[in-house]
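Peer 1: Each residue of the sequence shown is one higher than the one before, counting from 1 in our numbering.
This list has only true hints and no planted wrong ones.
No farther apart than 30 Å at their CA atoms in a straight line, the calculated lysine-lysine pairs in the BS3-like style are these:
| # | residue 1 | residue 2 |
| --- | --- | --- |
| 1 | 346 | 320 |
| 2 | 194 | 340 |
| 3 | 340 | 308 |
| 4 | 194 | 64 |
| 5 | 194 | 87 |
| 6 | 197 | 335 |
By construction, these hints were calculated from the structure, which means they are not laboratory data. Please read these numbers as outputs of a predicted model, since none were measured by experiment.
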Amino acid sequence: MSPTLLQEVSDHHALAGAKNASYAHSDPLSEIPTLSGVDISADGSTPIIDMVALLGPRRSEAIKQIGLACEKNGFFAVKNHGIPEMKIDTMLDTAREFFHLPDEERLKFRSADPDSVIRLVTGFQDKTRNVFVSRQSLKFHCHPVEEFKSHWPSNPPSFRENVGEYCESVRKVEVAILEAISESLDLERDYIDKILKGHYVSINYYPACQESELDVTHGVRTHTDPTLITILMQDDVPGLQVINDDKWINVNPIPNAVVVHVGDILQAISNYRYKSLLHQAIVNCEKERVSIASYCYPSDDAMIGPAKKLIDEVHPAIYKDFTYREFHESMWRVKCSTAKRLDLFKPSSD
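I would like the entire structure built from these sequences, with the hints used as guidance.
Peer 2: If you want it as structure tokens, here you go:
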């Protein structure tokens, strides 16, 4: 059966409350784009990077393409990434199996603690913005796999094995992409690798559109990710939308390709040259949708800030240096779901 559980408060608010933190500032509603104005004719606008080129003699060309995509689009798709098609299909099937389990089985993993090794986040009504958010997500740490897999669901029985194999494959893609991004900024190849730590996965389930008393049903509301990069695997049901050239466009699934997009931390490192991608997910009224988001983030004590090589008289530092721990803790003090949370680390905020 399809999930029916409804959580009455937003994940963001619940987690912030769990931290007992006061809000420093909030997102004005005027800053949240509406669902109108989606350019449905923009199919095919997704920049596509061939991993074969990135790992071969055409590497420099592929790196330039990645740099251009990060700067102009904030995202790109990667094909020939090396994750076997069978492994992808198995991962998506395993995700569906989990979310089709009875509520009481899935509820074992629900938690309001953002630092939990694994937690289930459920759908909710946001009456402030008059929307219903229809998504369930199982979020968990997965690097190294053997350290965390014992915390993962044992039902379905194949979950740990299938998810573990997928996560190890995606980790290799993450490292290769981050090396290329470092080089695209004219930094050392291992510049970002040196601060790399975690791999956090969110398995997302969007049931077919549910009726709501509220004005709009969302899959995920407008936000940016507090990551270096996010790697997204979608099934064949469209749902991802991004802001591009000041308008929403659909990022339709490309068979056997992953979508990579810029996160807040990369925006800081690049000195605002690469912008954290503003995106959202919509629900389908006829089909359920599954996506697998892999979040790539630094170690807690990693010093974040514009790379010194990217700072000069023409390009002054947009942000101060800060640790990832400071950034992560500040997320629960600000009622903000976009890269504006980085404003706390601008020199003028002293």
